[in-house]
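Residues 3 to 634 (our numbering) make up the sequence shown, in order.
Worth flagging that the hints you see were computed from the coordinates, not collected in a lab.
Predicted, not measured: the structure shown is a model, and the values here were computed from it.
We put the CB at the ideal spot given by N, CA and C, even for glycine.
Errors might be hidden in some of the hints.
EDC-like cross-link-like pairs, simulated, lysine to aspartate or glutamate; straight-line CA separation at most 16 Å [stated by the list, open to error]: (1) 180 with 134; (2) 178 with 224; (3) 88 with 19.
Each pair of labels, with its calculated beta carbon distance range [stated by the list, open to error]: (4) 23 with 243: 21 to 29 Å; (5) 420 with 502: 38 to 46 Å; (6) 630 with 373: 35 to 43 Å; (7) 611 with 245: 54 to 62 Å.
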Amino acid sequence: MDAAVKAFDSQLSPKVETAPLDHSFSVAFGDRYQLKESGDGPVLGIIGSFNYSRSFSAYDDGQIGRYETTGTGVELFPKHELVEAKGTDSAQWGTILNAALILDGNHEFGVKTMYNQSGEDEAIYRVGTFPEAIANDIFRVNNLHYTERSLSSNQVYGEHLFEALNDIRIDWEVSKSKSTQDEPDFRLFYDAIPSGEGGRPTVGGNLAPARRYWRALEENTEELKVDIVVPFGDRGGEFKFGVLSSDTERDFSERGFLYDNFRAPSYDGIPENYLRPEVLGLNENGQIQRFIREFVGFVPSYSGMQSIDAVYAMADFRTLEKWRVIAGARLEEADVVVQSIGTNGTPLENDGDLSNSDWLPSLQLVREFENSRNLRLSYSRTLARPNFRELSPFGAFDNVGGEVFIGNPNLVRSRIENVDLRYEWFLEGADLVAVSLFGKKLENPIEQAFIEGQQTYVNVDEGEVYGIELEARRRLGALSNERNEISLGGNLSFIESSVDRSEQELADKRLRDPNVSEQRELQGQSGLIGNFDIYWERPEEGAAFSLVYNHTGERLYSVSQTRLPDVYQEASDSLDFIYSQSLPKGYKMKLSLKNLLDDEDSRVWADFNEDLVYSNVSKGRSISLSFSKRFE
């Protein structure tokens with residue numbers, strides 16, 4: 003035991019250091035090789051790249067607020083109010099290598115490979131009031147959290163044109179991918195500083211002692227896809243059909259450890275001293291002092307399997323010269339099973355288990371007019387399935403003062419009916435003007451909900467989304483000439499959404515507001531989304547400037563299933579400026595100024611006319627300068 007408790011890293015609290023500048027590096031190459039000197043033989047093409055980046059970010063003025071009600075009342079009382087400081091060190095590198103062999107122009111075989119590795123090191127410090135843990139004292143949280151992720155993908159494909167068989171095309175693809183996520187030694191330490199004079203710092207209180215977690219996730223997917231295209235008619239018609247088979251497996255596990263005290267000296271209020279060697283394990287008399295033991299959460303592990311088999315058929319043809327019809331359907335058989343393991347090591351009975359067979363029809367009518375104008379009317383049915391994490395009752399604890407994210411084994415898949423009407427006018431070059439009307443009817447949409455201090459996922463019966471989108475891109479001819487090219491572009495969407503509140507949600511809400519509506523907006527859906535940009539290029543000087551603005555309107559972040567108010571993500575705006583300059587000998591410089599407005603990421607409890615802080619973080623501005631060189 004003595005050796006075991008001393009084998010762990012003793013650092014429990016963040017260190018304050020000056021971060022270096024963000025930096026990145028990338029290189030890409032590619033070429034074509036004629037494999038026969040005659041020039042009419044096979045051609046081999048290769049393209050590859052390598053990239054590396056490391057970035058740092060920090061803030062010290064974040065806010066976190068949680069509230070509760072007591073008894074049958076509706077008045078809100080602070081559960082905890084904390085100020086947060088956070089520093090993040092992120093590194094990422096990746097490679098891509100693709101090769102294709104083209105035979106006589108009609109047959110192509112290829113290989114695509116990709117690997118990406120990333121790591122994120124977070125250090126978090128929170129301080130404030132937390133009566134649930136320590137009454138009246140100043141509560142402090144220290145959090146050290148490193149997460150490493152990887153993603154690899156390997157794909158073999160073929161594209162074949164058979165001229166002798168009426169130009170039939172056959173495309174096939176076999177792929178295998180693997181993703182992992184490791185969280186080694188995620189550490190949490192909290193203590194309390196007495197608010198009055200003469201008090202002694204303490205650890206523990208009503209919360210468990212210092213904790214450490216090890217988590218590991220691995221997911222593997224294998225997929226086979228075949229598409230066949232048969233031309234027909236004299237107007238460029240095509241009949242397409244194909245099959246898809248996809249199998250995914252996931253395994254997740256968590257181990258937790260916490261510290262207990264027996265004869266250890268009293269805590270001196272310095273987190274760095276809590277795990278000093280002389281207070282760990284056995285003392286000089288062989289007596290137990292501070293030791294570590296393993297504990298098991300409600301769901302320490304789960305596994306998931308998903309199998310999807312699908313076939314589709316569609317036709318793309320013209321009934322008349324100006325009318326185009328694209329019609330088809332997809333039959334999809336899907337099985338999703340999640341098996342969670344409980345605290346005692348036995349499988350839980352209330353696991354997620356979905357088995358669905360769905361017809362997914364689609365139809366698009368296109369009426370073509372003169373001057374490159376089109377009117378499109380389309381209908382389709384789509385699906386949204388809960389993922390493994392959303393189906394498992396595993397509770398992901400991230401930090402003291404936050405929530406536990408827990409899955410819901412009772413989730414079912416959502417079905418969505420989509421209708422769109424779009425008028426588009428293609429002008430000279432990339433210029434475009436378009437107006438779209440759209441509507442969606444959702445059956446069993448999945449929403450994020452807040453229940454008894456836990457974030458989870460629930461189905462609501464029905465929902466609707468409808469709106470209008472305006473899109474335009476236009477070259478400013480009056481200001482553009484051989485030396486200047488100026489264009490404006492953007493899109494603006496006005497969206498309305500609604501769902502029927504469940505009986506339980508409606509009853510809870512009417513405890514606070516007897517006149518609350520039976521309907522509300524869909525969780526996660528903004529009512530206004532806009533993107534605008536200005537582009538100015540000076541070709542003779544090799545310079546280009548762009549200014550990009552984005553607006554995302556207020557949206558419902560989490561639905562409260564209790565007497566607490568709902569949480570809203572407030573509207574946000576961003577403004578970026580990018581300047582690029584060509585330099586001699588193939589060099590190029592790029593200057594980027596991001597988030598010039600320095601807007602906040604703010605979520606609030608919407609309680610009548612008063613908004614209370616749920617979380618608030620300043621995103622901060624960033625400046626980057628990069629150089630590249632092109633080799634011919």
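Hint check results:
no.: 1; hint: 180 with 134; verdict: violated, 42 Å
no.: 2; hint: 178 with 224; verdict: holds, 5 Å
no.: 3; hint: 88 with 19; verdict: holds, 12 Å
no.: 4; hint: 23 with 243: 21 to 29 Å; verdict: violated, 54 Å
no.: 5; hint: 420 with 502: 38 to 46 Å; verdict: violated, 20 Å
no.: 6; hint: 630 with 373: 35 to 43 Å; verdict: holds, 40 Å
no.: 7; hint: 611 with 245: 54 to 62 Å; verdict: holds, 57 Å
Comparing the model with each earlier hint shows violations of hints 1, 4, 5; every other hint is respected.
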